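Chains as they are written, first to last, in numbering that gives the first Met the number 0: chain A, 0 to 553; chain B, 0 to 553; chain C, 0 to 279; chain D, 0 to 279.
Please note that a few of the clues may not be correct.
Said to hold, decoys possible - Distance condition first, Cα-Cα at most 27 Å in a straight line; then the derived DSSO-like pairs of lysine-lysine:
#1 K274(D) to K382(B)
#2 K520(A) to K498(B)
#3 K183(B) to K144(B)
#4 K520(A) to K429(A)
#5 K60(B) to K518(B)
#6 K367(A) to K138(C)
#7 K76(B) to K60(B)
#8 K518(A) to K144(B)
#9 K429(A) to K500(A)
#10 K498(A) to K548(A)
#11 K29(D) to K382(B)
#12 K245(D) to K12(A)
#13 K382(B) to K60(B)
#14 K38(D) to K138(C)
#15 K227(A) to K274(C)
#16 K144(A) to K107(C)
What the hints assert, rightly or not - Where chain D lies over chain B, by a calculated footprint (3+ residues, C-beta under 8 Å):
#17 286 to 299
#18 499 to 509
Claimed, not checked - One side only, chain A facing chain D, incomplete, derived with CB under 10 Å:
#19 G106
#20 N179
#21 H219
The set of hints was computed from the structure by calculation and includes no laboratory data. Nothing here was measured: the structure is a model prediction, and the numbers come from that model. Don't be surprised by glycine CBs; every beta carbon is placed ideally from N, CA and C.
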Amino acid sequence: MTGEVFTFLIGGKAGEGVKKAGSVAARLFASMGREVFEMDDYQSLIRGGHNFSVISTASRKITSHYTRANLIVAMDKRSYELHKQDLGEDGIMLYDSEIKGDLKGLGIPLRAEAKKYPNPDLRLGLGAVTVLAVAVGMDKESLKKLIQSEYPRDLDINIAYATTIYDMASPEIGGKFRLNNSDKKRVIYSGNEIIALGAAAGGLDIYYAYPMTPSSSLMHTLAAQGEKLGIIVVHPENEIAVVNMAIGSIFAGAKSMVGSSGGGFALMQEGFSLAGMLEAPLLCCLASRPGPSTGVPTYTAQGDLNFAIHQGHGEFPRIVASPGCIEEAFYLTSEMLDLVWRFQTPGILLTEKHLTESSMTLDIHINKAEHFQPLMHYGGEYKRYLDSKDGIAPLLFPPSDELIKWNSYEHDETGITTENPELIAKMQEKRNRKKISLLNHLKNKHTVNIYGERGPLIFTYGSTTMSVREALRAGDIDATVVQPIYLEPLPVWELEKYKDKELIVVEQSCAGQFALLLKEKAELNPGSVIKKYDGRPFDPVELAIEIKKAVSNG
Amino acid sequence: MTGEVFTFLIGGKAGEGVKKAGSVAARLFASMGREVFEMDDYQSLIRGGHNFSVISTASRKITSHYTRANLIVAMDKRSYELHKQDLGEDGIMLYDSEIKGDLKGLGIPLRAEAKKYPNPDLRLGLGAVTVLAVAVGMDKESLKKLIQSEYPRDLDINIAYATTIYDMASPEIGGKFRLNNSDKKRVIYSGNEIIALGAAAGGLDIYYAYPMTPSSSLMHTLAAQGEKLGIIVVHPENEIAVVNMAIGSIFAGAKSMVGSSGGGFALMQEGFSLAGMLEAPLLCCLASRPGPSTGVPTYTAQGDLNFAIHQGHGEFPRIVASPGCIEEAFYLTSEMLDLVWRFQTPGILLTEKHLTESSMTLDIHINKAEHFQPLMHYGGEYKRYLDSKDGIAPLLFPPSDELIKWNSYEHDETGITTENPELIAKMQEKRNRKKISLLNHLKNKHTVNIYGERGPLIFTYGSTTMSVREALRAGDIDATVVQPIYLEPLPVWELEKYKDKELIVVEQSCAGQFALLLKEKAELNPGSVIKKYDGRPFDPVELAIEIKKAVSNG
Amino acid sequence: MDELITYAENTWCPGCGNFGILTAFKKAVKKLEDEGRGKKDLVITAGIGCHGKIFDYLKLSGIYSIHGRSMATAQGIKIANPGLRVVAFAGDGDAFGEGIAHMIFAAKRNSDITVILHDNGVYGLTTGQYAPTSVKGFKGPSTPRGSIEEPLNPLALMLEARATFVARGYVGKLDHLVDVITKAIRHQGFSFVDIFQPCVTFNNTYKRYNEKVEILNHIPADYDEAMSIAKMEDKLPVGVIYRVEKPVFHKELYGDFNPVLKKLSKEKRIAEIKKMLSAL
Amino acid sequence: MDELITYAENTWCPGCGNFGILTAFKKAVKKLEDEGRGKKDLVITAGIGCHGKIFDYLKLSGIYSIHGRSMATAQGIKIANPGLRVVAFAGDGDAFGEGIAHMIFAAKRNSDITVILHDNGVYGLTTGQYAPTSVKGFKGPSTPRGSIEEPLNPLALMLEARATFVARGYVGKLDHLVDVITKAIRHQGFSFVDIFQPCVTFNNTYKRYNEKVEILNHIPADYDEAMSIAKMEDKLPVGVIYRVEKPVFHKELYGDFNPVLKKLSKEKRIAEIKKMLSAL
Ligand SMILES: Cc1ncc(C[n+]2csc(CCOP(=O)(O)OP(=O)(O)O)c2C)c(N)n1
Ligand SMILES: Cc1ncc(C[n+]2csc(CCOP(=O)(O)OP(=O)(O)O)c2C)c(N)n1
Ligand code: SF4
Ligand code: SF4
Ligand SMILES: [Mg+2]
Ligand SMILES: [Mg+2]
């Protein structure tokens with residue numbers, strides 16, 4: 000089935016337009032009505048080093064990039080050396096002709112031609128896009144349009160440059176890879192972009208964050224688009240300010256969200272626990288990278304699962320959910336906003352670099368987004384912590400003639416501090432009761448995704464779901480993929496039926512946290528656990544082989 | 000069996016010497032060669048409100064105070080009202096004669112007599128101690144000696160005042176409660192005091208902390224005693240400085256410890272994860288109080304279990320252990336210092352207000368304390384992160400001609416940053432391997448306490464163990480108490496034999512975290528869970544009733 | 000004035016300077032009400048410490064925040080609904096130990112909140128450890144041989160951090176304190192009131208302040224004069240030490256918008272998103 | 000000089016001011032070695048950011064710490080073994096955003112460490128967001144319409160916080176920078192060097208600094224002169240701006256003790272504990 004997938008890889012130094020070229024390539028495919036998945040691999044540096052983008056496209060659904068590429072453009076020697084092994088059968092390796100050495104493939108004078116104009120570095124990415132256009136048989140007119148919308152700065156130079164490259168490459172590779180077109184036009188968004196829109200759809204008012212890869216682009220998106228959406232973005236002095244400001248805003252009635260990666264989140268734990276006590280509906284977007292500590296900032300991992308589930312000291316209900324694909328990230332973000340407001344407790348949208356910073360063609364049905372109107376107090380004396388049956392007290396926002404007291408100390412129903420043993424126990428129970436209300440609510444919700452109907456059972460979650468689904472296509476494997484969307488509370492009621500079944504777990508963690516979670520909380524029996532923890536997402540072909548191995552061992 | 004226990008309760012306003020009187024009463028009993036348990040109940044305020052201390056004593060081992068008191072001294076009306084229900088059969092209620100109302104018991108002019116001297120508030124506690132001395136039949140000479148050592152300020156006034164009270168009380172209650180004496184003289188220490196000494200015995204060099212109840216008195220003890228012990232205490236600007244300074248000190252070769260409660264610990268999570276990555280042997284003492292957030296600062300709870308086990312983002316081995324009594328806190332602190340240095344990974348001594356701030360007579364065998372000499376590098380090129388078989392690389396401290404690099408980023412063996420996939424995976428595995436080494440080591444260690452040999456199985460941990468053990472004595476219950484000392488890794492190999500047994504769990508948590516841990520990690524089957532979460536420790540008599548109920552239901 | 004007080008039992012030590020702050024604050028609220036600035040729009044936050052207890056005593060809405068964060072919480076409230084006036088109570092350990100970053104940045108960005116510092120030179124509630132404002136040599140349980148650090152100067156630090164309103168008061172000069180607090184709350188922008196608040200139990204400074212405190216009879220002409228007054232040691236002037244008008248943070252952020260009261264309608268929002276989602 | 004360099008690949012942008020800091024620092028280390036202050040006793044820490052990469056490049060022992068904490072880490076090293084000289088490298092986001100509390104307290108307590116600030120007025124490594132030292136109006140991805148905050152002044156803040164050595168350098172004046180760094184490391188007590196470090200990618204300030212930077216030809220007479228130099232805007236003087244001798248933190252803490260090298264013997268320690276355990 001891989002046959003119908005076409006993969007383009009472009010590699011070069013950071014600062015040479017590689018990422019941009021990758022995203023233009025993705026758009027180019029999408030404009031052909033094809034499905035696209037784009038993964039950007041970049042280091043924690045600003046210029047130099049080695050960046051690459053892989054864009055895989057198919058005329059059917061595609062949920063992962065492929066390592067094996069049909070067309071590679073290497074902008075520098077390092078890219079050539081690192082990626083020559085990635086060239087598929089009948090693939091074409093193109094490299095900048097200034098690269099020296101004994102090279103196989105076709106040299107194109109990307110740099111030499113660029114040097115004829117000012118700021119040559121700004122052209123290189125366009126050069127790579129141009130050869131791609133040539134290879135897939137795009138005509139000059141369409142390419143020109145693409146350049147107009149994607150490379151509008153120095154437009155004339157760009158068109159002139161691209162034309163030269165086009166003409167040089169055409170005789171060699173013109174139309175080598177003609178791809179099916181279709182009329183279906185889909186948007187392409189990265190995970191962070193779509194989380195931003197999902198939050199917007201869910202009613203977000205204010206976003207607080209301090210930059211941290213791979214979460215920063217969520218802030219950047221909201222900062223850029225916020226004005227249109229009526230969303231305010233604040234980037235304060237540190238993550239502790241982030242979470243405490245957000246809680247202040249929530250008190251005043253604003254739907255507020257914060258975002259970070261593991262290290263920044265660690266700093267928010269005290270605030271997270273505060274939200275638990277105040278019963279503040281705080282939504283946090285935690286984008287993971289390999290840890291512990293600073294770890295590997297620009298790569299991907301699922302090592303924060305337990306950390307997320309057990310955020311914050313003391314006992315209070317926590318909600319943790321993780322989207323299994325970029326599309327789902329849209330709905331789930333709005334749903335999580337709904338849930339935290341419904342149950343007035345903090346929640347975490349747990350995701351990974353591989354989702355937040357990869358891009359995909361999408362089909363979003365905006366009406367399916369949730370947009371919860373909080374339970375409000377109307378008339379009568381107000382008690383912030385009314386000891387209601389379901390543990391949930393109505394909200395009221397200032398200004399009001401009523402007294403609205405949110406309190407980090409244990410408190411009575413009005414919100415005044417207490418040290419009284421009966422009241423302490425009562426309030427612990429009240430908060431604990433919300434867990435039950437939450438469980439009951441979730442039992443009527445879609446909490447587990449299931450793909451496929453027969454064959455071996457594969458459990459996975461988060462962005463790894465995208466890899467697994469593509470691996471099944473790549474390896475032509477008939478299997479059932481079970482992906483719990485919610486991780487806390489884990490929807491054990493949906494998982495019961497798998498109790499005595501053989502199952503394979505796939506996750507990006509060294510300790511196998513997800514497999515343990517399934518074992519411990521749902522009493523499942525992960526026979527084999529396929530793990531990857533080198534910061535790179537799975538390649539679907541390799542993963543397919545591992546799955547097949549696991550199946551035959553199992 | 001309660002019969003042989005004698006309980007003294009003194010209640011009054013904060014700032015009136017109640018706590019001091021409680022601790023003197025405890026020493027008084029200990030000087031009689033009796034075993035003592037003292038629990039101080041105080042609010043988060045400095046003067047006023049309601050404080051009380053309960054001191055229970057017996058001629059056999061005693062591991063809890065009892066609510067039902069034989070002798071009560073009420074310094075104010077509120078104490079009288081709150082504690083009259085606590086008076087046992089044949090008990091005596093004494094109250095300050097200035098208290099108005101329809102009171103039962105005996106008024107003593109504690110305050111009226113004190114007013115004859117300057118600073119009358121300073122005398123009140125002594126008055127209470129005096130009536131206790133009278134009631135247990137202590138002679139004036141012995142009382143005088145006690146005053147000399149415990150109330151040396153304004154000694155003459157104190158003796159004069161005490162003599163007056165003694166003479167007034169003698170006719171009424173003189174020798175009402177004659178208690179058995181013995182020659183055995185034991186020291187009395189609070190949990191925090193003994194943790195300080197245990198850390199000292201284990202080789203502590205520097206203690207970093209920011210004040211937070213119920214951890215502060217650990218800092219206070221070390222600050223007061225540090226000079227003699229050669230231990231440095233630093234109280235910096237916040238908990239984040241605390242943990243990061245401690246890590247710096249460890250790098251330089253100093254055994255360092257930090258301490259706090261839940262909120263302060265939440266702020267240390269990023270540093271905790273840093274220690275995981277650096278492989279820094281950081282010992283943390285986490286003293287719990289009811290949460291979430293600020294919660295109830297001066298009371299007790301076990302709500303931070305999961306939080307402690309899953310501290311910090313990313314994957315690395317964590318060690319969490321909790322002492323089951325004050326005595327054990329001494330050994331366990333030294334053992335934890337040993338372990339974190341042995342495995343070069345952060346660890347948590349998890350305990351609660353009920354242990355850190357209660358006091359007990361003790362019998363410490365100092366030679367049983369651990370004092371680990373870290374694995375050092377000798378000769379040859381140094382690699383901080385040598386990928387050894389057991390995951391543990393030798394240490395080397397500056398100054399050195401070798402290059403010693405500790406790195407929060409993922410790194411190669413030398414400690415230089417890497418983004419290389421093979422190296423990332425290798426280092427993740429290296430750290431993960433330390434878990435196995437740790438497990439193997441613990442398998443040869445005493446990791447679970449078992450009290451009793453037959454009868455129903457009761458599982459508990461931490462300070463609640465003291466309550467459970469006393470409840471068995473109070474209720475004359477024949478049962479086996481199983482107390483895992485280690486909670487992460489949980490010594491499942493020791494627990495296997497209980498797999499299909501009925502068992503009762505006792506813990507101070509609303510969510511029943513410990514019971515869940517046993518179920519999830521050790522696959523045990525907690526039939527009934529006795530929980531208390533009102534901030535107060537269990538009373539042994541009431542707990543005995545609950546245990547009996549659970550047994551008969553089970 | 001009792002309508003400003005809740006049923007919570009007051010547990011400050013008899014003689015504590017916090018009583019003065021409570022009284023002065025209530026009077027200031029009254030004064031502001033008389034001017035037409037109703038207490039309905041007034042919300043409060045507090046840190047953790049003896050000072051924080053004022054939250055329980057005051058019958059005003061708000062958040063009893065965590066140690067060191069009351070000014071971050073306050074800023075969040077203001078950003079969400081700039082129609083509210085927000086007062087953050089803070090201890091000296093709270094504001095200049097745990098939470099110093101928030102203080103500096105609140106001043107730097109001219110957040111339109113008022114911070115009232117209960118400056119007792121000690122960590123009261125945790126039983127008397129030295130604080131960032133304690134004098135060198137201060138003996139507390141974490142520094143039994145005397146603290147070895149020089150104190151910070153809250154006024155000077157806030158001036159350095161660009162606070163637009165900096166004042167000092169003393170609970171021993173109650174009417175004056177009422178006036179200072181009132182002006183601070185009236186000020187548009189970040190206002191900071193450093194209140195000398197003797198802690199009778201752990202740091203009884205009444206005598207020292209009674210000797211040294213003097214009421215300023217003018218507002219200093221400029222920043223430099225303000226700074227030199229802030230740094231005086233023989234005398235301790237109280238009053239408004241610095242005041243300047245500058246654009247406030249929330250207006251710089253979004254002009255006349257109000258995230259809570261002027262929310263985009265759901266329909267408009269969805270229409271915008273749809274537009275974005277249809278663009279390729 | 001290559002013996003100070005590791006095998007790590009240098010990934011700073013071509014033209015980045017950090018190269019100048021690396022070169023100057025290496026020269027300073029050499030100079031100090033020539034004076035007999037060997038590099039064996041020199042340990043370094045770094046925060047996270049472009050600046051932090053200097054940790055990988057320098058063949059010196061130390062800790063690559065986390066964002067905002069390199070000066071806390073450094074203080075911990077010094078406390079444990081005061082025989083080491085400790086230099087903390089920090090970014091402006093690192094030291095005056097995330098870690099500002101540690102900076103102020105390190106200065107306040109006169110911790111005997113050196114902080115070298117890579118002051119590029121931007122968050123470099125996270126792709127160009129405004130930093131605490133960015134000018135108002137700075138456009139970065141978190142402030143696409145321009146930042147709305149006034150910048151902090153690192154020198155003035157450190158002076159206010161009682162730093163005993165405050166200096167400024169510029170990578171465009173390399174020999175002078177070497178001299179300033181050398182003096183900072185020689186200083187006993189908290190020394191702070193604010194280095195103008197243009198970020199060619201996100202905040203290219205070479206032109207501005209080349210125009211405005213001037214070498215100070217004297218050490219200012221006193222604190223007030225230092226402060227006024229720190230606050231100059233038309234000209235940007237570089238050099239040692241303030242220097243004073245004061246007791247250092249670790250000596251105040253424990254005199255001539257050294258927790259690592261002068262540990263109490265195990266026997267003595269145990270004997271002490273036994274004494275305590277036998278007293279009732
Ligand atoms: C994160 C955190 N650390 C420590 C504490 C414990 N704590 C409570 S109040 C306080 C200090 C109080 O000092 P200050 O702010 O000056 O207030 P005061 O009691 O003097 O009014 C501390 C350290 C806490 N609640 N939270
Ligand atoms: C707790 C935490 N928050 C955020 C980050 C992400 N981060 C890495 S570097 C950096 C800022 C860099 O700015 P600066 O300190 O000025 O260094 P520069 O890159 O400019 O040298 C940030 C926010 C982090 N690593 N840790
Ligand atoms: S300890 Fe000090 S600050 Fe706290 S209430 Fe008592 S006098 Fe006031
Ligand atoms: S982004 Fe700026 S600071 Fe970072 S390496 Fe490049 S030029 Fe230097
Ligand atoms: Mg204080
Ligand atoms: Mg910077």
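Each hint, compared with the structure:
1. K274(D) to K382(B): Violated, at about 42 Å.
2. K520(A) to K498(B): 17 Å, holds
3. K183(B) to K144(B): 19 Å, holds
4. K520(A) to K429(A): Measuring from Cα to Cα gives roughly 24 Å; hence the hint holds.
5. K60(B) to K518(B): Roughly 32 Å separates the two Cα atoms, so the pair is violated.
6. K367(A) to K138(C): Between K367(A) and K138(C) the Cα gap is close to 63 Å, so the pair fails against 27 Å, i.e. violated.
7. K76(B) to K60(B): 34 Å, violated
8. K518(A) to K144(B): 63 Å, violated
9. K429(A) to K500(A): Outside the cut-off at roughly 37 Å; violated.
10. K498(A) to K548(A): Cα-Cα ~22 Å, so holds.
11. K29(D) to K382(B): 25 Å, holds
12. K245(D) to K12(A): The given pair, whose Cα atoms are some 49 Å apart, is violated under the 27 Å limit.
13. K382(B) to K60(B): 51 Å, violated
14. K38(D) to K138(C): 39 Å, violated
15. K227(A) to K274(C): Given that 27 Å is the threshold and the Cα spacing comes to 11 Å, the pair holds.
16. K144(A) to K107(C): 47 Å, violated
17. 286 to 299: violated (count 0)
18. 499 to 509: Violated: only 0 residues of the region 499 to 509 of chain B have a Cβ under 8 Å from chain D.
19. G106: 25 Å, violated
20. N179: Not OK, violated: N179(A) not within 10 Å of chain D, min 37 Å.
21. H219: At about 4 Å, which falls below the 10 Å cut-off, the nearest Cβ of chain D leaves the hint on H219(A) intact, so it holds.
The structure is inconsistent with the numbered hints 1, 5, 6, 7, 8, 9, 12, 13, 14, 16, 17, 18, 19, 20, although it conforms to all the rest.
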